[in-house]
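*Asks:* Top to bottom, those sequences are chains L and B.
Take 1 as the starting number for the first sequence in the working numbering and just add one per residue.
Take 1 as the starting number for the second sequence in the working numbering and just add one per residue.
No wet-lab data here; the hints were simulated from the structure.
Do not rely on the hints blindly, as some may be mistaken.
Dumping the calculated DSSO-like pairs for lysine-lysine here, alpha-carbon to alpha-carbon at most 27 angstroms [unchecked claim]:
id: 1; chain 1: L; residue 1: Lys-41; chain 2: L; residue 2: Lys-15
id: 2; chain 1: L; residue 1: Lys-78; chain 2: L; residue 2: Lys-54
id: 3; chain 1: L; residue 1: Lys-44; chain 2: B; residue 2: Lys-103
id: 4; chain 1: L; residue 1: Lys-41; chain 2: L; residue 2: Lys-54
id: 5; chain 1: L; residue 1: Lys-78; chain 2: B; residue 2: Lys-103
id: 6; chain 1: L; residue 1: Lys-15; chain 2: L; residue 2: Lys-44
id: 7; chain 1: L; residue 1: Lys-41; chain 2: B; residue 2: Lys-103
id: 8; chain 1: L; residue 1: Lys-44; chain 2: L; residue 2: Lys-78
id: 9; chain 1: L; residue 1: Lys-54; chain 2: L; residue 2: Lys-44
id: 10; chain 1: B; residue 1: Lys-103; chain 2: B; residue 2: Lys-81
id: 11; chain 1: L; residue 1: Lys-78; chain 2: L; residue 2: Lys-15
id: 12; chain 1: L; residue 1: Lys-41; chain 2: B; residue 2: Lys-81
FRET-style restraints, in silico, Cβ to Cβ [stated by the list, open to error]:
id: 13; chain 1: B; residue 1: Leu-54; chain 2: L; residue 2: Glu-106; range: 17 to 27 angstroms
id: 14; chain 1: L; residue 1: Tyr-74; chain 2: B; residue 2: Asp-52; range: 37 to 47 angstroms
id: 15; chain 1: B; residue 1: Gly-40; chain 2: L; residue 2: Gln-80; range: 25 to 35 angstroms
id: 16; chain 1: B; residue 1: Glu-9; chain 2: L; residue 2: Thr-116; range: 18 to 28 angstroms
id: 17; chain 1: L; residue 1: Met-39; chain 2: B; residue 2: Gln-79; range: 34 to 44 angstroms
id: 18; chain 1: B; residue 1: Lys-81; chain 2: L; residue 2: Gly-16; range: 19 to 29 angstroms
Cβ coordinates follow ideal geometry from the N, Cα and C atoms, glycine included.
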Amino acid sequence: EAGVTQFPSHSVIEKGQTVTLRCDPISGHDNLYWYRRVMGKEIKFLLHFVKESKQDESGMPNNRFLAERTGGTYSTLKVQPAELEDSGVYFCASSQNSLAGGPRNEQFFGPGTRLTVL
Amino acid sequence: GQSLEQPSEVTAVEGAIVQINCTYQTSGFYGLSWYQQHDGGAPTFLSYNALDGLEETGRFSSFLSRSDSYGYLLLQELQMKDSASYFCAVRPFLAGTALIFGKGTTLSVSS
Numbered sequence: 001e002a003g004v005t006q007f008p009s010h011s012v013i014e015k016g017q018t019v020t021l022r023c024d025p026i027s028g029h030d031n032l033y034w035y036r037r038v039m040g041k042e043i044k045f046l047l048h049f050v051k052e053s054k055q056d057e058s059g060m061p062n063n064r065f066l067a068e069r070t071g072g073t074y075s076t077l078k079v080q081p082a083e084l085e086d087s088g089v090y091f092c093a094s095s096q097n098s099l100a101g102g103p104r105n106e107q108f109f110g111p112g113t114r115l116t117v118l
Numbered sequence: 001g002q003s004l005e006q007p008s009e010v011t012a013v014e015g016a017i018v019q020i021n022c023t024y025q026t027s028g029f030y031g032l033s034w035y036q037q038h039d040g041g042a043p044t045f046l047s048y049n050a051l052d053g054l055e056e057t058g059r060f061s062s063f064l065s066r067s068d069s070y071g072y073l074l075l076q077e078l079q080m081k082d083s084a085s086y087f088c089a090v091r092p093f094l095a096g097t098a099l100i101f102g103k104g105t106t107l108s109v110s111s
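Use the sequences and the hints to build the structure in full.
*Replies:* Written out as structure tokens, the structure is:
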């Protein structure tokens, strides 16, 4: 079974440019999460999709970030325009629906996209 | 707010035992999880404690004490491949299913 995949693995852009990150979750996983880790800090939650619906976007830093999950499969996270403080590693994770996953509901992470804004 | 504290770095030698502590401040949560991340890789799930006590999975064990707001990950018979970052995480009752992570502990195992 394929794991969570993310594209690109690395992205270097200049301040003011736009970048779109993609995440393909494990097939059949209803829950999809975006997280970000800024160097030396904790992995922080950004938002959560259940199928194609945004369940919780309380962690999105500001309106320069836009996430979509059309059709409830893959998801994109667009940063427009990018700022220096947006640099970090963006992780995507997926998990089964709550009934199947139970209280533990293990989240499976992708390898992340390392974004550098110059 | 909710926060989890871990040591930033731990060093040990092959064959040794190491304990990585995690203290937290959170109003209520479903369980304490541990994730391992090798450089440049995906965080991978290691263990989960829903109840107080010890959970053992091979060389790794994890412990939770809700009354002490404390947990730990115990790694035994350390191997070089255990060198990685280790994160504790909780899923608070009021945060949907999102995880709240600690800053991570970098474990370096030497020969």
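*Asks:* Look at each hint and say if it fits the structure.
*Replies:* Comparing the hints with the structure gives:
no. : hint                                        : in the structure
1   : Lys-41(L) to Lys-15(L)                      : holds, 22 angstroms
2   : Lys-78(L) to Lys-54(L)                      : holds, 15 angstroms
3   : Lys-44(L) to Lys-103(B)                     : holds, 9 angstroms
4   : Lys-41(L) to Lys-54(L)                      : holds, 25 angstroms
5   : Lys-78(L) to Lys-103(B)                     : holds, 25 angstroms
6   : Lys-15(L) to Lys-44(L)                      : holds, 22 angstroms
7   : Lys-41(L) to Lys-103(B)                     : holds, 5 angstroms
8   : Lys-44(L) to Lys-78(L)                      : holds, 17 angstroms
9   : Lys-54(L) to Lys-44(L)                      : holds, 17 angstroms
10  : Lys-103(B) to Lys-81(B)                     : holds, 21 angstroms
11  : Lys-78(L) to Lys-15(L)                      : holds, 14 angstroms
12  : Lys-41(L) to Lys-81(B)                      : holds, 23 angstroms
13  : Leu-54(B) to Glu-106(L): 17 to 27 angstroms : holds, 19 angstroms
14  : Tyr-74(L) to Asp-52(B): 37 to 47 angstroms  : holds, 39 angstroms
15  : Gly-40(B) to Gln-80(L): 25 to 35 angstroms  : holds, 26 angstroms
16  : Glu-9(B) to Thr-116(L): 18 to 28 angstroms  : holds, 24 angstroms
17  : Met-39(L) to Gln-79(B): 34 to 44 angstroms  : violated, 27 angstroms
18  : Lys-81(B) to Gly-16(L): 19 to 29 angstroms  : violated, 42 angstroms
Comparing the model with each earlier hint shows violations of hints 17, 18; every other hint is respected.
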